[in-house]
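Quick note, the sequences are listed as chains A and B, same order. Per our numbering, residue 8 is the first one in the first sequence, and the count goes up by one each step. Per our numbering, residue 864 is the first one in the second sequence, and the count goes up by one each step.
Some hints here could point you the wrong way.
[Claimed, not checked] Distance condition first, Cα-Cα at most 20 angstroms in a straight line; then the derived EDC-like pairs of lysine to aspartate or glutamate:
| # | chain 1 | residue 1 | chain 2 | residue 2 |
| --- | --- | --- | --- | --- |
| 1 | A | Lys-116 | A | Glu-21 |
| 2 | B | Lys-912 | A | Asp-108 |
| 3 | B | Lys-887 | B | Glu-921 |
| 4 | B | Lys-887 | B | Glu-945 |
| 5 | B | Lys-912 | A | Glu-106 |
| 6 | B | Lys-912 | A | Glu-86 |
| 7 | A | Lys-120 | A | Glu-86 |
| 8 | B | Lys-917 | B | Asp-902 |
| 9 | B | Lys-917 | A | Asp-108 |
| 10 | A | Lys-116 | A | Glu-18 |
| 11 | A | Lys-116 | B | Asp-902 |
| 12 | B | Lys-912 | A | Glu-26 |
| 13 | A | Lys-158 | A | Glu-21 |
| 14 | B | Lys-954 | A | Asp-108 |
| 15 | A | Lys-74 | B | Glu-921 |
| 16 | A | Lys-74 | A | Asp-108 |
| 17 | A | Lys-120 | A | Glu-18 |
| 18 | A | Lys-116 | A | Glu-59 |
| 19 | B | Lys-917 | A | Glu-106 |
| 20 | B | Lys-917 | A | Glu-26 |
[To be verified] Here are some of the chain A residues that sit facing chain B, going by a computed Cβ distance under 7 angstroms:
| # | residue |
| --- | --- |
| 21 | Ala-82 |
| 22 | Ile-105 |
| 23 | His-107 |
| 24 | Gly-109 |
| 25 | Gly-111 |
| 26 | Tyr-112 |
| 27 | Ser-118 |
| 28 | Thr-132 |
Keep in mind that the hints were calculated from the coordinates and are not lab data. Every value quoted in this text rests on a predicted model; they were computed, and no experiment measured them. Note that beta-carbon positions come from the ideal geometry of N, C-alpha and C, so glycine has one too.
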Amino acid sequence: MRIEYFQLIDEIVEIGKEEGLIRTRATVPLESTIFEGHFPGHPLMPGVLLTEAMAQTSGYLLLSMSKFERMPFLAGVREAKFRTFVVPGDILDLEARIEHDGSGYAMTKASIKRQGKAIADAGLTFRVMPFPEPEFRTMMVENAIRLGYPKDLIP
Amino acid sequence: MSSTFDTVADIISETCDIPRDDIKPDSHVIDDLGIDSLDFLDIAFAIDKAFGIKMPFEQWTQEVNEGKASAEQYFVLKNLCERIDELIAAKTA
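Go ahead and model the full structure; you've got the sequences and the hints to work with.
Structure follows, in structure tokens:
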């Protein structure tokens, strides 16, 4: 994770093998200014950032489904649960599945596990719309490739 | 039409916490029921699921924005239900 750049996932582990499914991985950094405040002496990964990690995982799934032609923007979070504490150094396995691919919107179900144990899960709603400018799309393609998205899946 | 309306009205009532009796066939989703675009995503999701369709909202919105259709054509409930019935018929045709 590069929290200060809001990059909450480190690697796309699996995409394209099963339709509507993505798996990613992220390591919580050992140090971050966030932990100086959340909380002093007791560093905990904020639930809002775990939600963002699930949103980013879902986002790459939706980008893939639109062949990087449309950008998903987080619009809603349903029934988010944070089942246990996440601390610096934790390695997180994330997963997102498409729940519904609507017209101009999409719903996913996302989850986080640590060593196979459920950490967090949520239903997420996205508005899905054309990129506002081509440079935005280029940046997202570059980010995806940097995370390990298969180049042969990018049109 | 009536069963489609009942289903849609139930969805709107449950999703947006609007009394069921306030939802009429002539209700405008936005102007009369005060449903915003984010709530409408949840309604669209529930309608798509309930009827096994994919309402083409992007196309409808574009038609309204370009003046090719009126908002009432899609967002007054009795008209929305007609559109839904058309989509169901097209699916089963």
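Each hint tested on the structure:
no., hint, in the structure
1, Lys-116/A x Glu-21/A, "16 angstroms, holds"
2, Lys-912/B x Asp-108/A, "11 angstroms, holds"
3, Lys-887/B x Glu-921/B, "25 angstroms, violated"
4, Lys-887/B x Glu-945/B, "14 angstroms, holds"
5, Lys-912/B x Glu-106/A, "10 angstroms, holds"
6, Lys-912/B x Glu-86/A, "19 angstroms, holds"
7, Lys-120/A x Glu-86/A, "17 angstroms, holds"
8, Lys-917/B x Asp-902/B, "17 angstroms, holds"
9, Lys-917/B x Asp-108/A, "8 angstroms, holds"
10, Lys-116/A x Glu-18/A, "19 angstroms, holds"
11, Lys-116/A x Asp-902/B, "18 angstroms, holds"
12, Lys-912/B x Glu-26/A, "19 angstroms, holds"
13, Lys-158/A x Glu-21/A, "13 angstroms, holds"
14, Lys-954/B x Asp-108/A, "17 angstroms, holds"
15, Lys-74/A x Glu-921/B, "18 angstroms, holds"
16, Lys-74/A x Asp-108/A, "14 angstroms, holds"
17, Lys-120/A x Glu-18/A, "15 angstroms, holds"
18, Lys-116/A x Glu-59/A, "13 angstroms, holds"
19, Lys-917/B x Glu-106/A, "13 angstroms, holds"
20, Lys-917/B x Glu-26/A, "18 angstroms, holds"
21, Ala-82, "6 angstroms, holds"
22, Ile-105, "12 angstroms, violated"
23, His-107, "6 angstroms, holds"
24, Gly-109, "6 angstroms, holds"
25, Gly-111, "4 angstroms, holds"
26, Tyr-112, "5 angstroms, holds"
27, Ser-118, "19 angstroms, violated"
28, Thr-132, "6 angstroms, holds"
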